[in-house]
Amino acid sequence: AQSVTQLDSHVSVSEGTPVLLRCNYSSSYSPSLFWYVQHPNKGLQLLLKYTSAATLVKGINGFEAEFKKSETSFHLTKPSAHMSDAAEYFCVVSGENQGGKLIFGQGTELSVKP
Amino acid sequence: NAGVTQTPKFQVLKTGQSMTLQCAQDMNHEYMSWYRQDPGMGLRLIHYSVGAGITDQGEVPNGYNVSRSTTEDFPLRLLSAAPSQTSVYFCASSRQGGTSGRSYNEQFFGPGTRLTVL
Chain A
1 AQSVTQLDSH VSVSEGTPVL LRCNYSSSYS PSLFWYVQHP NKGLQLLLKY TSAATLVKGI
61 NGFEAEFKKS ETSFHLTKPS AHMSDAAEYF CVVSGENQGG KLIFGQGTEL SVKP
Chain B
115 NAGVTQTPKF QVLKTGQSMT LQCAQDMNHE YMSWYRQDPG MGLRLIHYSV GAGITDQGEV
175 PNGYNVSRST TEDFPLRLLS AAPSQTSVYF CASSRQGGTS GRSYNEQFFG PGTRLTVL
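Just so you know, the protein sequences line up as chains A and B, in that order. To convert, note that position 71 of the first sequence is 71 in this note's numbering; the numbers rise steadily by one, no gaps. Just add 114 to wherever you are in the second sequence, counting from 1, and you've got this note's numbering.
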């Protein structure tokens, strides 16, 4: 069975400081991993995805994530937070033999202070 | 392209009423799915479809029905609404594809329907 755990339900940073949102996954097979962002009262938008190519994945708006199989982690980072980054972030896994289904983490709410 | 559209945006029902949430996409995607979003629980898969005429249950299917008569449309029916179904519902679509049933395609999400059941 697959699962995703986002280690922090809420993260608060100051504008201009680094962002780290942590995600651990559990999968019996090589997974595909995604990060989605949801701004208030909006739908979800894909930030980046890992599908067994390069382990360091670059996404939109300066975000990147590194797939670490030995640690079963897929943490999301950004060197310098912007006020517009305030949103909820979801780590998502799709595993083999799952018919393309996605399993979502519980979400991490990112607050950015001026 | 309009992408994924959902109607209505907001709905209030009384316990026991039935209704259909509409979802349509114009990207010719094979894969469509319905999720519900509740605070602190992320998104949970209700039902999904890998093509016209084919549907399957997700993680929380009870109380919901779906059908897929065309590639474009994937309505979600609440048979007899209950307060536990108060939630925000998202429809999503993507191209089918991956290896060994694993998806590597981006899912495109609609704007959501906020449903309250009294």
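By construction, these hints were calculated from the structure, which means they are not laboratory data. C-beta atoms are modelled at their ideal positions from N, C-alpha and C, and glycine is treated no differently. Take these hints with a grain of salt, some might be off.
Said to hold, decoys possible - Here are some of the chain A residues that sit facing chain B, going by a computed Cβ distance under 10 Å:
hint: 1; residue: V4
hint: 2; residue: S9
hint: 3; residue: S12
hint: 4; residue: S32
hint: 5; residue: F34
hint: 6; residue: Q38
hint: 7; residue: G43
hint: 8; residue: L44
hint: 9; residue: Q45
hint: 10; residue: L46
hint: 11; residue: K49
hint: 12; residue: F90
hint: 13; residue: V92
hint: 14; residue: F104
hint: 15; residue: G105
Status of the hints after comparison with the structure:
no.	hint	verdict
1	V4	holds (8 Å)
2	S9	holds (7 Å)
3	S12	violated (17 Å)
4	S32	holds (5 Å)
5	F34	holds (8 Å)
6	Q38	holds (9 Å)
7	G43	holds (4 Å)
8	L44	holds (4 Å)
9	Q45	holds (8 Å)
10	L46	holds (5 Å)
11	K49	holds (7 Å)
12	F90	holds (6 Å)
13	V92	holds (8 Å)
14	F104	holds (4 Å)
15	G105	holds (6 Å)
Comparing the model with each earlier hint shows a violation of hint 3 alone; every other hint is respected.
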